[in-house]
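Student: Taken in order, these protein sequences are the chains called A and B.
Per my numbering, the first sequence starts with residue 1, numbered consecutively.
Per my numbering, the second sequence starts with residue 196, numbered consecutively.
Rather than coming from a laboratory, the hints here were simulated on the basis of the structure.
Model, not experiment: these values are computed from the prediction.
Any given hint could be a false lead.
Derived contacts from chain B toward chain A, CB cut-off under 10 Å, selection only [said to hold, decoys possible]:
(1) G237
(2) F301
(3) L329
(4) L385
(5) I408
(6) E439
(7) L447
(8) N520
(9) Q756
A few chain A residues facing chain B, derived, Cβ under 7 Å [what the hints assert, rightly or not]:
(10) P7
(11) Q49
(12) R101
All C-beta atoms in this analysis are idealised placements derived from N, C-alpha and C, irrespective of residue type, glycine included.
Listed below are the residues making up each chain.
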Amino acid sequence: MNLQLRPALVSFMALSAITGLAYPFVITGLSKMIFPKQAAGSLIRANGQVIGSELIGQPFTAPKDFWGRPSATVDASGKPLPYNGANSGGSNLAPSNPSLRTAVEERIAALRAADPEATGPVPVDLVTTSASGLDPHISPAAAAFQVHRVAKARGLDEAKVRDLVAAHTEGAQLGVLGDARVNVLKLNRALEQAK
Amino acid sequence: MSHAWIQNILFLVLLLGIAVPLGPFIARVMEGERTFLHPVLGPVERGLYRLMGIQGDEDMGWKTYAWAIAFFNFLGFLAVFALQKAQGALPLNPEAMGKLPTDLSFNTAVSFMTNTNWQAYGGESTMSYLTQMLGLTVQNFLSAATAMAVLVALIRGLVRRTSPGIGNAWADLVRSTLYVLMPLSALIALLLVSQGTIQTFSAYIHTVSGQVIAMGPVASQVAIKMLGTNGGGFFNANSAHPFENPNALSNLIHMLAIFAIPAALCLTFGKMVKDRRQGWAVLAAMAVIFVMALSVTTWAEAKGNAGLKHLPVDQVATLQQGGGNMEGKEVRFGTGATSLFATITTSASCGAINGWHDSFTPLGGLVPLWLMELGEVVFGGVGSGLYGMLMFALVGVFIGGLMVGRTPEYLGKKIEAFEMKMASIAILLPSAAILIGTAAAVLSTTATASISNPGPHGFTQVLYAFSSASQNNGSAFGGLSVNIPFYNYGLAFAMLVGRFGVIFPVLAIAGSLARKKVTPEGLGTLPTHTPLFVAVLVGVVLLVGALTYLPALALGPIAEQLALR
């Protein structure tokens, strides 16, 4: 029987070189030429330093900032480290897991403590962890829920904060793809400049 | 959430728009006819054949064909295993990732060779850029090419008359990679980069505030991970990671890429058997099951988590929020685009995720689980979906033949004892791996210690793992801690059974059918392009799936659903 040694080895090595070296290098080169900003991670820079990426959420916990989604990411030893961009992941809690219910209750309590006057029901995305742990967005409802707190902490007019939220709200793409959203990092940076 | 349904319909329309031209194109490529790409890639193809020392049109018998496929796959396994062991000493490793343990390297090598892309590791914390490119990306291409080759060999078996051969495995592998997978991947990669998917060799970024952001040549790998229905994410969070899937439009590209080739191959089949209606009939059967499954998931996830309804949490969809069951989902997708993605990825043998299936509602999670267990024949994997569905078609004509008391035929070929034995093996082996594997795991305290969610859901985590591995899907109920030797070796074994336990019987059938004469259509022939046959096919798939898995599903997601309030 013909063992097909030569065609197997040659085709494997040649196709590996084409798909595993030439292809990623060519795509990298083209990306750098045509879409340099996106290819490099849509980074936000100020004074020559990298502040972050438009696409990667950051942890915000101060009352004066809009808070993003809860994040379930951990550090290398498994301890909680929200928005760890080097180790994406979710909670994987089942809907029936009592820990999920407890965690949601704690998050509601934290939001109430930060703003006792926000007594309405909390938008679900603000009390559940995202899939990546790096979700850069919250829903417009989740932003609206926080407007009172943020305005008060910053001594800004609520209407002004609401306008900023509206300016940073993006609808579902093409009207039907995905959901409406607000980029938290960009919104908070705009707030800083609103002073 | 009403626009979720419009999104679903838009997806199906666009998919059809891609499949209609792509299907015949693939047929031309695989038959060695000239296409518009040949002026550029033709010399590359011929050069490769010269280096390999073959003529592209030498016919192989099914045993030689199977040997070539197995040998080629084994080389892929070796390469991925070796790269994981040696990556610490190799270039393109800015984060200084070290070598991986043997059980994990073995699992990952089997996983990518078998088109499963089960990941017991987190990409950005484990793999060097070189391993991702030269190991994982390569297998994304070659495992998809493998299944396309096997499918085309099966179709040749149906078409050819009294022929000893079913085609040339090397030509099939080279052609599917060069003319179909490569150009489409390059196109998809650039489209993704335009939306924000990253593509760079720079080291991880450290921001002013101390956040570390993982980087890498992501788009090139993500493109083929979707197109080849592989599903192995560059990052741990897979297509939920903003750098893999930055917005809802890139998400649509991801989803279309998963189904593009599986849907097109139905039409390739129609063209190759010279009866387009046959291809459309199979596609229709797939679409019927898909739409049923999609409806359940979309509805269940939009409804939200019943376990949170007594808390002051607003899960109702309004203009201001998508609402629904948002644990483990991203806002830019919402429950609509996540449900659609989950249904697609498990109908196909993709296994990429844009939200964690572990956190889906019980019914929303049951659908992906059951779709995998049906054998991923609803569109299914590149190549593997259609050859799997054709196994069910053989069972369908056999049952139909029994009903009318005639010898069953498919496309003029008599379906006899040998074909039925092989088709049964191809359908039953993965099922056995799922159920026996799950049973073994829940009897082992080492294995049950990995369960992260209490109650029936914990059982579902294990059942999902073995279903995903055996059917070469690769998605997971991610809470299960699978990076232990029991799962690394056990699931690798399940992947091998699920892959080659189907490929070899399929090739055997191809060889057997190719040798047969074609019997002319008569009054007693059951036509296989009619709505009646579509119904028979759907019925067979659902019946086999229900009979095999309902007891297990009752212990898992169904029990959880009933208890959740």
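Student: Determine for every hint whether it applies to the structure shown.
Tutor: Structure-based check of each hint:
1. The interface hint given for B:G237 is broken, as the beta carbon of that residue sits about 15 Å from the closest beta carbon of chain A, more than 10 Å.
2. Annotation: interface hint on B:F301 violated; nearest CB of chain A at approximately 19 Å, more than 10 Å.
3. Among the interface hints, the one on B:L329 holds; its C-beta lies about 4 Å from the nearest C-beta in chain A, closer than the 10 Å criterion.
4. Checking B:L385 against chain A: minimum C-beta separation of about 6 Å stays under 10 Å; hint holds.
5. Interface hint at B:I408: satisfied, since its Cβ lies 4 Å from the closest Cβ of chain A, which is below the 10 Å cut-off.
6. Restraint check, B:E439 versus chain A: the minimum CB separation of about 9 Å is within 10 Å; hint holds.
7. For the restraint placing B:L447 at the interface with chain A, the shortest Cβ-Cβ distance is roughly 6 Å, inside the 10 Å limit, so the hint holds.
8. Interface hint status for B:N520: upheld, as the beta-carbon distance to the closest one in chain A is roughly 7 Å, under 10 Å.
9. Interface restraint check: B:Q756 against chain A, minimum CB-CB distance 9 Å, threshold 10 Å, status holds.
10. Given hint, A:P7 at the interface with chain B, holds; its Cβ is 4 Å from that chain's nearest Cβ, closer than 7 Å.
11. The beta carbon of A:Q49 is positioned within 7 Å of a beta carbon in chain B (closest approach about 5 Å), and the interface hint is therefore held.
12. The restraint placing A:R101 at the interface with chain B holds, with a minimum CB-CB distance near 6 Å, inside the 7 Å limit.
Hints 1, 2 from the earlier list are contradicted by this structure; the remaining hints agree with it.
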